[in-house]
Amino acid sequence: MTSTTLEVGRPRESPFGRIWALVKHHVLTVYALLAFVYLMLPIAIVIAFSFNNPVGRFNYTWSSFTLNNWKNWDGVPGLRSAMVLSLEIALLASIVATLLGTLIALALVRYGFRGRGATNFLIFLPLSTPEIVLGASLLTLFLNLSIVFGFWTILIAHVMFCISFAVVTVKARLIGFDRHLEEAAMDLGANEWVTFRKVTLPLIAPAILAALLLCFAISIDDFVVTYFVAGSRTTFPLFVWGAARVGAPPQVNVIATFIFAVAVIGMVANVLVQMRRERAAATA
Amino acid sequence: MGFLHRHRNLTPYLLLAPGLLYLGLFFVVPLGFLAYQSLESGNFDVGYAFTWAWGNYWDAIQNYRGHFIRSLEYAGIATVLALLFGYPLAYWIAFRGGRWKNLLLLFIVAPFFVTYLIRTLAWESILADHGPVVSVLRDVGILGNDGRLLATSTAVVAGITYNFFPFMALPLYVSLEQIDPRLIEAAQDLYASKWKAFLRITLPLSLPGVVAGTLLTFIPAAGDFINAQLLGSPKNHMIGNVIQSKFLELTDYPAAASMSFVLMATILVMVALYARAVGTEKLTG
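As given, the protein sequences belong to chains X and R, one line each in that order.
Letter 120 of the first sequence, counting from 1, is numbered 122 in the numbering used here, and no numbers are missing.
Letter 50 of the second sequence, counting from 1, is numbered 232 in the numbering used here, and no numbers are missing.
Do not rely on the hints blindly, as some may be mistaken.
Claimed, not checked - Derived list of chain R stretches under chain X, where covered just means 3 residues or more per stretch with a C-beta under 8 Å from a C-beta of chain X:
#1 195–204
#2 250–259
#3 269–283
#4 301–309
#5 371–381
#6 421–431
What the hints assert, rightly or not - If you anchor each label on the Cβ, the simulated ranges turn out as follows:
#7 X:Val150 / R:Gly323: 55 to 61 Å
#8 X:Leu69 / R:Leu455: 50 to 56 Å
#9 X:Leu30 / R:Ser317: 29 to 35 Å
Bear in mind the hints are in silico, worked out from the structure with no lab data behind them.
Idealized CB from N, CA, C, for every residue including glycine.
Working from the sequences, and respecting the hints, build out all of it.
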């Protein structure tokens with residue numbers, strides 16, 4: 003809290019300014035806490051209702067606590083296959099998109115070439131196109147070419163909307179990259195490929211991992227585009243959509259809670275490791 | 183690699199080729215097909231024929247003007263609300279978060295870890311007629327005894343605001359976090375009040391975040407149909423709902439395709455106007 007120490011010994015500030023500072027300091031903190039409650043509220047509901055024992059079809063009102071939904075997470079027909087399809091698509095799409103995106107990012111940051119501006123624009127465009135237009139345009143493509151909707155059309159679509167995210171993520175890391183390290187490797191007799199494998203790749207590995215995770219998260223959560231190109235196949239979000247019309251079973255909350263828990267544990271662990279590393283670096 | 187060494191100027195194109203080819207095939211070409219389809223006439227049963235049917239665009243704007251305007255209205259209000267809610271929160275984390283900043287950021291991204299549809303369904307149960315919010319609002323008299331939140335525009339805007347909030351708060355945080363606190367101290371040393379220092383230093387320096395957040399929130403919000411579908415009534419339907427049902431339920435492809443283009447064009451025009459108003463140099467940051 004560096005700002006509080008700064009306020010001490012500032013007599014030249016008007017009394018109004020001091021009161022304002024005091025009010026602002028606490029109001030802002032209270033506000034932040036309220037905002038966190040707001041952000042967490044629906045998540046808390048989702049988690050709580052995964053332990054609900056609903057009366058009737060709709061899992062909307064609390065009746066009693068049960069662990070049955072967790073024990074029988076697989077008890078709803080179609081849920082497991084939807085989950086498996088989502089995981090398969092997310093895994094494949096994130097790998098392909100990150101590979102293609104990393105190559106584009108390398109070209110964009112490393113090389114001056116004709117058509118750079120156009121390339122940047124082409125990367126930016128899918129990010130600024132509403133998802134419904136992306137889905138609709140793929141739908142017309144597949145319809146007009148009489149391509150059968152299913153696994154491959156979903157995969158093609160997911161790779162497409164993930165590429166730009168991968169490019170942006172890897173590019174951000176490459177821009178802050180010290181090229182002297184590579185030059186040093188080349189001076190020491192390494193050729194381009196060896197330099198790339200031994201120097202460049204390890205240094206941008208965190209960005210590649212981040213791109214993979216981002217693409218995975220975007221893919222597994224995608225509803226709109228998938229809805230247009232899935233045909234008769236069902237991913238997890240599509241399953242939820244179908245189930246919502248007739249009352250979503252509490253098992254849907256179980257899966258959602260599980261995904262949430264895995265993601266949060268991963269993120270918290272990552273942040274804590276980073277903090278420890280920073281502290282170690284600071285004391286060293 | 184000998185080949186690459188001799189043709190160094192080819193390397194960037196070889197790196198770009200697979201990805202750009204992919205985007206060309208599955209992003210640009212489909213948009214071409216969509217454009218083609220939007221100028222067709224006919225119907226699903228007798229088939230469609232390309233007839234330069236510009237009338238489709240005219241019909242889309244004429245018949246669904248209300249939906250277009252509503253989409254821009256809801257997305258606009260939700261974007262402003264997200265900015266107003268998000269700015270103080272991002273500010274607090276950036277300047278008061280200390281070494282817990284990254285952990286606090288988790289609260290902002292956490293909603294993204296719950297499937298979009300499930301988040302929205304959770305709001306459905308929170309805002310439901312027998313839910314906690316409605317009963318409190320009825321008790322304090324803000325809502326009448328038979329007043330409701332679900333199936334109103336309020337619920338749809340609230341849903342959009344919540345669902346796209348992280349898109350606003352994250353860029354805001356990134357730009358606020360980069361501000362050198364010494365600049366603010368310097369302003370105060372030069373007798374600027376805290377408020378003035380905020381207006382003259384912090385706010386202008388955080389504008390790239392405001393611009394990025396606004397675009398990242400507005401664009402997906404304007405094309406959204408999930409919130410209107412789950413939290414609203416047909417009266418609150420947005421253009422996304424119409425496009426979706428025309429494509430997937432009514433199979434009126436030419437009309438749906440032309441509406442998609444009108445939506446895309448509207449968004450691009452709004453983004454361009456906005457970029458012009460705030461200055462393009464801030465857009466590229």
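Hint-by-hint comparison with the structure:
1. 195–204: Holds, because 7 residues of the region 195–204 of chain R bring their Cβ atoms closer than 8 Å to Cβ atoms of chain X.
2. 250–259: violated (count 0)
3. 269–283: With 9 residues close enough to chain X, the hint holds.
4. 301–309: holds (count 7)
5. 371–381: Held - the region 371–381 of chain R has 4 residues with a Cβ nearer than 8 Å to chain X, which meets the minimum of three.
6. 421–431: holds (count 5)
7. X:Val150 / R:Gly323: 55 to 61 Å: About 58 Å separates the Cβ atoms of Val150 (chain X) and Gly323 (chain R), which means 55 to 61 Å holds.
8. X:Leu69 / R:Leu455: 50 to 56 Å: Holds - the Cβ-Cβ distance for Leu69 (chain X) and Leu455 (chain R), about 55 Å, lies within 50 to 56 Å.
9. X:Leu30 / R:Ser317: 29 to 35 Å: 30 Å, holds
Violated hint: 2 only; the structure is consistent with all others.
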